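Novice: Just so you know, the sequences run in chain order A and B. Counted the way the numbering used here counts, the first sequence spans residues 1 to 490. Counted the way the numbering used here counts, the second sequence spans residues 1 to 436.
No lab work stands behind these hints, which were simulated from the structure alone. A few of these clues could be false.
Cross-link-like lysine-lysine pairs, in silico, BS3-like; alpha carbons within 25 Å at most [what the hints assert, rightly or not]:
#1 B:Lys411 x A:Lys425
#2 B:Lys411 x A:Lys407
#3 B:Lys435 x A:Lys407
#4 B:Lys293 x A:Lys463
#5 A:Lys425 x A:Lys360
#6 B:Lys54 x A:Lys354
#7 A:Lys273 x A:Lys153
#8 A:Lys151 x A:Lys53
#9 B:Lys312 x A:Lys425
#10 B:Lys293 x A:Lys82
#11 A:Lys285 x A:Lys82
#12 B:Lys435 x A:Lys425
#13 B:Lys403 x A:Lys425
#14 A:Lys425 x B:Lys293
#15 B:Lys140 x A:Lys82
Computed from a predicted model, the values in this text were never measured in an experiment.
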Amino acid sequence: MDRKITDKKEEERKLFKELENSEYKYGFKTEIDMDTVGKGLNEDIVRLISEKKDEPDFLLEWRLRAFRHWKTMEMPDWAHLKINPIDFQEIIYYAAPKKKKELKSLDEVDEEIIDTFNRLGIPLEEQKKLSGVAVDAVFDSVSVATTFSEKLKELGVIFCSFSEAVKNHPELIKKYLGSVVPYRDNFFATLNSAVFSDGTFCYIPKGVICPMDLSSYFRINTANIGQFERTLIIAEERSSVNYLEGCTAPMRDENQLHAAVVELIALDDAKIKYSTVQNWYPGDKEGKGGIYNFVTKRGICKGDNSKISWTQVETGSAITWKYPSCILKGDNSVGEFYSVAVTNNYQQADTGTKMIHLGKNTKSTIISKGISGGHSNNSYRGLVRMTNSATNSRNFSQCDSLLLGDKCGAHTFPYIEIHENNSSKVEHEATTSRIGENQLFYLQQRGLSMEDAVSMIVNGFCKEVLNELPMEFAVEAQKLLDISLEGSVG
Amino acid sequence: MNRFVPADNLIAPLGGGTLRKWKNGGKWAENLRKNGKSEFIKTGIPSTRIEEWKYTDLTPLTKMDFSFNPDKTDPIDNALIEKLLPPKLSECSLVFVNGKFSEHFSFVHPTKGLFIDNVRNVIKSGRDDVFECIGKAGTKPDALTNLNRAYFNDGAVIRIGKDIDPGFPVHLIFLAVNAKSSEMFHPGNLIIAEEGSKFSLIEEYTGDPDSVYFTNTITEIHIKDRASVSHYKIQTENHSSFHVGSLNVIQGKDTKFFSNTATFGGALTRNNISASMNGPGSESNIEGLYFLKGAQHTDNHTEIFHNFPSCKSTENFNGVLDGESRAVFDGKIFVGEGSVQTDSTQSSRSLLLSGSASVDSKPALEIYADDVKCSHSASVGQLDTDSLYYLRSRGIGHNEAMKILTSGFLKEILEKFENKDVSGKIENLLNSEIKV
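Please model the entire structure based on the sequences and the hints provided.
Specialist: Okay, here's the thing in structure tokens:
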């Protein structure tokens, strides 16, 4: 069977190659935009960014307020992370979307990456898009992306880049930008507010159930995600949307610091499900290099009976520092957080969630699975707060950690705050253990190799979370776990 | 807000270096006090911006005018002390009135291999060598520890000889009487259980209802190889007093430690409990319970360090809150690199009887070894309605059923007590406190 597939793939490859070559005959138009500003950060840079993007005054004002506030702030040091000092004056804060160097065929792509692609089961067409190989115009015109956007338009769903939204829907931006993560929120969110480059905007009108999963990957013009991304999703009354961020394929990026902000707003009876698979460059086996992923993600269940659900699979980045959170303001609103965080080699992660219960009868669930191997450190940090107004509310948290080596660390730091409230219930459970020798023995004596046995156990350990991912994502995510943990056992 | 708040008022009574009677002892005692004082002045007291003090605000202490004078000339009426003194739970007891040892009320049962005395007497009689290990247990001294050391003056000194089992507990009673002018007390107790010994200690802190005072105590316990120590603390200070109590324990190889901290009193209470297992095969069981009402605030802050392989620890804290009271649980289990075969469980449960009470809980695991089995759980909630229904359907009135369930919740902790006198006493205290 395998042979058949390989043959077929080989055929496909040949075909594509031919197509590519033929395309090459007509030549490429590779625009390399030289539009960059020098290093460093000051008020002029903020003004320049706003000007280049032709932004309305209110946005410039907002950026400037953020920048002025940022200057008074210090980088926080409370996380269980060792971070090399970041020189914020060494970063280039504005670079117009540069076209990636286009490759002629997959043969030019790093073999290692191709190997990972194949093991993740990423279709050939996607492999090319991901690694920057030019895709034939014919394929592009029938691409799913185009069909999607037409269908969305019909329903009144706005799904575009943040810059486009600023131009076409300034009233929505003005109303909702910073309403969940204010510009003064924290060091990195404030920095992002001052210098954010672009991002995703998504608006689901009243009563619309978005017919397909929206994905940053399918958004046109998404080639360069950028260092300071900003995402804003608004789900109007009775609407519902699934949003997928990132992809399982390895992402190489030259920018070391990524400080994104994500804001979700769910009005009455609305539902937002936000799934992330993060596989940024984690640095080499000695812990050199790698991305700092410092993201502020927060959603507000503003309306009654609304629901926000976060699912994340975090395998990449040298340092992951983020807490996708829910503010449960509407009565009967629901917040969920499902997370798998894998660290290997010298990776570090301090991640978790915050559930702030304000409305009556609000419910939240936290399921967090941490897996650490090599010399890595993996921490869960979470906050559950029941305020006085959140009567009859409920939280359940479960945080499990799996240790795969004797040089790594797994930590759990939950914060539980119940203030003047005796009708609500909060339960927290956490366990830390390693893979039992008897479990491994059981699987091995049934003919499984050590690697397969570990992979099976790890996948079982994460199942509760992987089940929350959309189908095709889940399959890839499972394989991703295997690849991330390679060499950590034995 | 700064991370530390200056608290010169707490150090002011030390005066300008005039040698007072309580400042006896050799060079080492002088250094201990001097270090404590200078370290405390450097920082002041921690504000809520310090992670360990996030939920407990000590700044009210800086606004008080505390005095420190254990050698004041007007003696307290013995009849009054007699009246206030709690019933003794052992034939061997040391009583400290307003921080100073009271010969009159104490009774030491001479036992072979058991050394019991008070700090001043030990220094006076030149047996200072017992203090060699002072300060060696516990983590880096915090501001309150430094403050205590600056006032190092009295407390119990107990050494249990090799393979000795006295067969009876020692009861330490710290009584605050007539401290109307806002006094503070800084007792320091030192317990050394030599190899293979067995020992049981009861610490009790209480005071008359009218005094305003600040107790800042340290109990340091050294448990040598194969020794076993049980420790009970009962705190029923009045509701206008401040209590900070640190229990620092260091354990050798194959040792056993059991501790229970029962908190009923105090306007503001902070219990710091730190146990370091510095030898393989040891066991540490840290338990606690509290019943709070009115505007009481209690903070149980525990740290258990698994520094060697094959150690076991359990931790259980149950508490009931009524009125506008507030409880904090901050418990950390630390498993160091190479501390394999660790088995550790931790649980913190709170029961809220009133809609104005608050709980902040922070159970943390920090683990650097792979062959471990660690778990923790925390819950905050109300009495189970099913259980209540069960009792009511059997003809028990609502209030009575509530009382049964509430005391049952706390009695879970009492069941593990070896010393039935102590559990009996706590049960009585509970029954008188729980009025639904």
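Novice: Please go over all the hints and tell whether each is borne out by the structure.
Specialist: Outcome of the hint check:
no., hint, in the structure
1, B:Lys411 x A:Lys425, "holds (21 Å)"
2, B:Lys411 x A:Lys407, "violated (41 Å)"
3, B:Lys435 x A:Lys407, "violated (52 Å)"
4, B:Lys293 x A:Lys463, "violated (44 Å)"
5, A:Lys425 x A:Lys360, "holds (13 Å)"
6, B:Lys54 x A:Lys354, "holds (17 Å)"
7, A:Lys273 x A:Lys153, "holds (21 Å)"
8, A:Lys151 x A:Lys53, "violated (28 Å)"
9, B:Lys312 x A:Lys425, "violated (30 Å)"
10, B:Lys293 x A:Lys82, "violated (42 Å)"
11, A:Lys285 x A:Lys82, "holds (17 Å)"
12, B:Lys435 x A:Lys425, "holds (23 Å)"
13, B:Lys403 x A:Lys425, "holds (20 Å)"
14, A:Lys425 x B:Lys293, "holds (20 Å)"
15, B:Lys140 x A:Lys82, "holds (22 Å)"
The structure is inconsistent with the numbered hints 2, 3, 4, 8, 9, 10, although it conforms to all the rest.
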